[in-house]
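*Asks:* Sequence:
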Amino acid sequence: MSKPVKGLISREYQSRYGGVESACLVSVVGLDAISTNRLRGELQARNIRLEVVKNSLARRAFADGPLAPLGKALRGPCALVTGDESVIDLAKLLVECRKRYPQIELKQGILHGDPALIDVEELARMKSRSELLGELAMLFASPAGLLAGAVAGPGGRIAGCLKAIAEKQDGGQQGAAGEGRG
204 MSKPVKGLIS
214 REYQSRYGGV
224 ESACLVSVVG
234 LDAISTNRLR
244 GELQARNIRL
254 EVVKNSLARR
264 AFADGPLAPL
274 GKALRGPCAL
284 VTGDESVIDL
294 AKLLVECRKR
304 YPQIELKQGI
314 LHGDPALIDV
324 EELARMKSRS
334 ELLGELAMLF
344 ASPAGLLAGA
354 VAGPGGRIAG
364 CLKAIAEKQD
374 GGQQGAAGEG
384 RG
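In our numbering, each residue carries its 1-based index in the sequence shown increased by 203.
Don't read these hints as lab results, they were simulated from the structure. Be aware that one or more of the hints could be misleading.
[What the hints assert, rightly or not] Cut-off 30 angstroms, straight-line C-alpha distance, at most; resulting in silico cross-link-like pairs (DSBU-like, lysine-lysine): (1) 275 with 302; (2) 209 with 257; (3) 275 with 257; (4) 295 with 330; (5) 275 with 206; (6) 295 with 275; (7) 275 with 330; (8) 206 with 257; (9) 295 with 257; (10) 302 with 330; (11) 275 with 209; (12) 302 with 257.
Sequences and hints are given; from them, build the entire structure.
*Replies:* Structure representation (structure tokens):
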């Protein structure tokens with residue numbers, strides 16, 4: 204491959220992945236063409252892109268961006284998987300896809316430009332952003348519920364006592380009124 208062609212491909216990688224902070228690496232070497240197309244179609248339906256990259260050119264393109272740490276993991280045939288979803292949801296989907304396509308080799312991923320690379324299977328075991336937000340909402344609501352219960356508890360007891368006193372007085376007055384008539 205000539206230097207100008209390498210430069211074009213490297214610039215294309217930079218423009219395509221320059222703003223991407225999270226991605227996963229996989230190998231699709233064992234898949235035949237039909238299975239690879241089927242896999243790409245399944246991923247594309249969820250706005251996920253799987254692209255086989257040339258390692259040396261990808262390393263050069265990622266060097267100054269958030270995907271730079273991923274350059275160390277570019278060994279052997281690699282495909283870069285990126286998408287609109289969080290990288291954790293992406294990893295979970297890749298683990299599901301491996302059940303249907305056992306030839307896929309899950310390599311490593313990068314989470315928001317963090318220099319520490321994480322195995323795709325480990326990423327899939329993490330909680331996604333939506334799951335964490337749900338847990339946070341539950342944690343924030345929990346003390347409020349306890350506070351409301353604490354405030355309502357004694358008030359409810361007092362109201363119950365007042366109601367019992369009122370019923371007792373009403374019962375006593377009705378009994379006295381009934382005796383006077385007879």
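*Asks:* Against each hint, give a clear statement of whether it holds in the structure.
*Replies:* Do the hints match the structure? See the list:
1. At most 30 angstroms may separate the alpha-carbon atoms for a hinted pair to count; residue 275 and residue 302 meet this at roughly 27 angstroms.
2. At roughly 10 angstroms between alpha-carbon atoms, residue 209 and residue 257 fall within 30 angstroms of each other, so this suggested pair holds.
3. The hinted pair formed by residue 275 and residue 257 meets the criterion: a straight-line CA distance of about 13 angstroms does not exceed 30 angstroms.
4. Taking the CA atoms of residue 295 and residue 330, the gap is about 10 angstroms. The hint holds against a cut of 30 angstroms.
5. Of the pairs offered as hints, the one joining residue 275 and residue 206 holds, with about 23 angstroms between alpha carbons and a cut-off of 30 angstroms not exceeded.
6. Proximity of residue 295 to residue 275 is assessed by CA-CA distance (about 23 angstroms); at most 30 angstroms being required, the pair is judged to hold.
7. Distance check on the hinted pair: residue 275 and residue 330 sit about 25 angstroms apart at the alpha-carbon level, within 30 angstroms; holds.
8. Between residue 206 and residue 257 the alpha-carbon distance is near 14 angstroms, which keeps this suggested pair within the 30 angstroms criterion.
9. A C-alpha spacing of about 25 angstroms is found between residue 295 and residue 257, which places the hinted pair at or below 30 angstroms, so the restraint holds.
10. Under the criterion of a C-alpha separation no larger than 30 angstroms, the hint pairing residue 302 with residue 330 is consistent with the structure, at around 20 angstroms.
11. Annotation: proposed proximity of residue 275 to residue 209 holds, straight-line Cα distance about 19 angstroms (limit 30 angstroms).
12. A distance of roughly 26 angstroms separates the Cα atoms of residue 302 and residue 257; the hinted pair therefore holds under the 30 angstroms criterion.
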